[in-house]
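Fit the two chains together into the complex; they arrive one by one in their own frames, and the hints show the way.
As they're listed, the protein sequences go chains A and B. Just so we're aligned: 1505 in our numbering is position 26 of the first sequence, and the numbers increase by one with no gaps anywhere. Just so we're aligned: 161 in our numbering is position 158 of the second sequence, and the numbers increase by one with no gaps anywhere.
List of simulated lysine to any residue pairs, SDA-like, C-alpha gap at most 20 Å:
| # | chain 1 | residue 1 | chain 2 | residue 2 |
| --- | --- | --- | --- | --- |
| 1 | A | K1726 | A | G1566 |
| 2 | A | K1726 | B | L81 |
| 3 | A | K1726 | B | A65 |
| 4 | B | K134 | B | I178 |
Simulated DEER-style distance windows between Cβ atoms:
| # | chain 1 | residue 1 | chain 2 | residue 2 | range |
| --- | --- | --- | --- | --- | --- |
| 5 | A | S1653 | B | D188 | 49 to 57 Å |
| 6 | B | G173 | A | F1645 | 22 to 30 Å |
| 7 | A | G1729 | B | R187 | 34 to 42 Å |
| 8 | A | V1510 | B | G73 | 50 to 58 Å |
| 9 | A | N1646 | B | G173 | 28 to 36 Å |
Which chain B residues face chain A? A few, computed with CB under 8 Å, are given here:
| # | residue |
| --- | --- |
| 10 | A59 |
| 11 | L62 |
| 12 | P63 |
| 13 | I87 |
| 14 | E93 |
| 15 | A95 |
| 16 | V96 |
| 17 | S116 |
Bear in mind the hints are in silico, worked out from the structure with no lab data behind them. A quick note: this is a predicted structure, and the numbers were derived from the prediction, not measured. For each residue, glycine too, the CB sits at the ideal point set by N, CA and C.
Okay, here's what each chain looks like letter by letter:
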Amino acid sequence: MNAFYAVAYREYRIRLTNPILPLWDVVVPVVYLIVFGSSLDRAGFKLTLGATTTDYPTFFLGGVLAMVTFSVAMNSSYAFFEDLQSGIFHELLTYPFPRRDLLLGKLAFNTLFSVAGSALCIGVGVLVLGIAVPASSWLPMLAWVILGTAGWYFVFSWLSLRMRGFNAYHTATSSMYLFLMFVSNLFYPAATLPPWIRWLAALNPITWQTDLLRYYSGAQPWAPTLLAQAVAFIAFLFCAFFFANRKLNGPVE
Amino acid sequence: MSDAIISVTDLRYSYRKGTRRGEALAGLSFSVERGEIFGVLGPNGAGKTTLVRILATILPPASGRAVIAGCDVAGNPLGVRRSICAVLQESAVETLLSVWDNLLLYGYLHGYSRARTRREAERVVELLELKDSLRQRALELSGGYKRRLQVAKALMVDTPVLFLDEATTGMDPLIKRRTMDAFRDEAARGRTVLLTTQLLDEAEALCDRMILIDQGKMIAGGRLSELRARSTKVFSVHLSFTRSGPEAVAAVHELGARSIQEDGGEYELVVEGQEDEWLQKLARLSASFPLARFEVRSASLEQIFVELYGGYPSERGAGA
Chain A
1480 MNAFYAVAYR EYRIRLTNPI LPLWDVVVPV VYLIVFGSSL DRAGFKLTLG ATTTDYPTFF
1540 LGGVLAMVTF SVAMNSSYAF FEDLQSGIFH ELLTYPFPRR DLLLGKLAFN TLFSVAGSAL
1600 CIGVGVLVLG IAVPASSWLP MLAWVILGTA GWYFVFSWLS LRMRGFNAYH TATSSMYLFL
1660 MFVSNLFYPA ATLPPWIRWL AALNPITWQT DLLRYYSGAQ PWAPTLLAQA VAFIAFLFCA
1720 FFFANRKLNG PVE
Chain B
4 MSDAIISVTD LRYSYRKGTR RGEALAGLSF SVERGEIFGV LGPNGAGKTT LVRILATILP
64 PASGRAVIAG CDVAGNPLGV RRSICAVLQE SAVETLLSVW DNLLLYGYLH GYSRARTRRE
124 AERVVELLEL KDSLRQRALE LSGGYKRRLQ VAKALMVDTP VLFLDEATTG MDPLIKRRTM
184 DAFRDEAARG RTVLLTTQLL DEAEALCDRM ILIDQGKMIA GGRLSELRAR STKVFSVHLS
244 FTRSGPEAVA AVHELGARSI QEDGGEYELV VEGQEDEWLQ KLARLSASFP LARFEVRSAS
304 LEQIFVELYG GYPSERGAGA
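Okay, chain B solo, but in the shape it has when bound (with noise of 0.2 Å):
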């Protein structure tokens, strides 16, 4: 039996801009289990802030279902915002109060006790390294720093669901690395976190399933074996020549590869095609030009969301 805490069912949203009219949402349909990291990905544009505000019921959706913890974010939006928490992509922080002040407050608004909050403000201080800063006015604080207060406080409250919208953007590596072992410990305590991003490295790391968006519309979806699978006609190379040369290196263009990049006599080649081919393909090359290593890799998630939107932004024409 399916254990999903988020079920969304065909959700369409429509915005007006000006004389502009759009469907930020064309149709979207997933469900995320409990306890899950679900991602959703895709380019500007693609519809995942909209998903998050509907979701968090600070949009209503123009039709479609959308069913959180058992609560419908129209029919019941009070019930749905008891079981979330939400890092939004603004700079949510209360700009004129110290860090200390934000974290204190949040848990008070969360309905939290005086003694609790403190309690719970002082583990996510410890927790993302925010005590050199908390008498500071969060005005003050760098974009990073400001995200890093947002992340500390929803990892304050324990609603069952916390929705992560680009959360880690502007983190430096080392509290990114840490924000990101947070979120998957929330995960495994039974927290069910539903994160966009664009990076993809992060979706790669973090996240049990995901769907990848575009114009509102779900093209794939799956865990990232199966969105692997999906694309089986993408795959790495990787390879070097025992005696690397200009003609060595004008063979391995003229493979045919899709993108060759070349690292100090390494080379890493994206193709095309069936892996036999490409065996028989680099056979052909260390008869003439031996190698002193090669490996085949699965697409990683960058190459399948290459595949998938059918090229980078610049090669599809695509805007923001």
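With the rest of the complex left out, here is chain A (with noise of 0.2 Å):
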């Protein structure tokens, strides 16, 4: 068997012994929409993002397809730590193939739970919250989280393998979740953030795959910004995969 796919179908096997995980990461962000997306809605929001008035169910629904990548890639990553912990993982890494194998395999499998994430997020939102996503944008939407799950799994990947100890690792993945997510144009328009948080918000990647998200749902125009929060994101997840694949080829003691 390829090990590309070895490594695809061992993640299958690992996640089938504990379906709560991945049941979480597809049915979570759903709730989320539903109760924050109606509450709001009833409650009367509407928000202006350039010229385009939206309500907030079609808003939010970029920031829920962002946090559907974020949670899938935070928990696929972990599964380094516990590899690690149970004394599995240098093992892993005499196997005879590319160590960049480990973890794309292991991405290619995960990133089905975060497409069937947000596909259950768009079907719900157009059949429950009544959001106008043009059909059109299905692909580039589903494209998009794909990248942002690779880009975030990248990123805790490399936070896993340098991590030891439960503790020391949920802390500061925690920490990130909420950092990231809350400083992030994700629940909120960035331009409502006090200034000094709005920059960092800028600079959050989150918020670049949030407007993508967002343009493509319908929520916001294009602008020319777009394009370079695009360009970053690839950017970014070149970076992230490059640090990760680094640590992942190096020693790990």
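If you want it as structure tokens, here you go:
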């Protein structure tokens, strides 16, 4: 069996032993979308992004999709940390294939959860919350979901390979999770943030990804900054891959 | 012409733990020929595991060179990995998966087809008596059983080189014997086995050649007979008296042996010196207290080990 598929198969077998975790990745964001989307919509929230005024569910859909990618990426990369703890990790490093296949095979399987979670969110958004997502946007949205999952997965994989001890790992990842989600435009427009946080949010790749997803979901109009954000996100993804791959190929005590 | 499949030259590795720095390997050189079972022996902290980790491409060497099957561990680690498989000291099993799934996965991850993986898995299940626990999660296995599973995985594939880092730790005697037979069979088929161990009886029974290392340096190496030749001054004497008594026992203690063990009137003395000198001492002893039996034996590996390391760890004040 090809190494890439074998790694993806390993991930599948391991994930099967604990179906709650993937379910969490897929179901929780859609619950967020329904609860926040419908309640804030009923409260009459309207947001203006550029020349477009939009309701909260439409605005929030892009953020929820970014949340899906972020959660799946974090939980997938946690498996590296578990492998280190269980003792199998060093053996995995001796297997006869490039170590990047470990990264990519694991990513390939877990991306399925991102795609499933995102499709569910879009479906619920359209059917339950009445969000008008253009059919032509579905594919670009899923593409950005996949790219987003990959980018954050590489970041958290790098982190997992560096951290030792459950407490240190969970403190670091939980802090990052909260910081990156709240210092961004995921729940609210970045323009409404205090100026000093707005700058941080503008530098946060979640903001770039969310803006792109919002553009495709029809929540915000085209702006030249979107192109820069797309390029920046791709650069972020490659940098994250470079560091994660380097860590995996370097000495792991 | 040498048929070395593993060639290690002046290998060094330094580590840093907090503010403490140390040299785990301090210029180690040796070579292993194809089809050999080669032992790396040493006390805790000697550098055995670091050596295996470097050879298995988990750690990069600080300097020096290690070449396996023509591939440099630093320059072509993937080439090395295609020629090796390793049983590492950690309990390297997929804890969440069953024993059977562990085996299947190992085959797939080594590029085997489904049919070949299944065939090889069935073979090692039979070989190492894993049938009763196939559906059990690896998490639930005892330490010894996990080691058995690790060894079974390594025996599934046919890489030219097999690294075993204290592979039989925790195994029950019967399975250990079966495992050691399996290692011998692998070597007989041309597979090269490099094993680290602290179990001297295991090294004595298995290894064609071995090196003894301490603090990252080689202190002796060669075949067991060559190691024995290096420590000619140590050998063991077994004796018993026709009529033992307190005077005879006192006379044995006055002989000046390094150690004396008594078991039901049989004495085992580990002695130093020339063999003829000891034969004369025994003749004198026999004149006063007639001997029923005596036997002079070459030093065991344990005795050589103790001599070369300058005593037991407690005697030389060594830590781990």
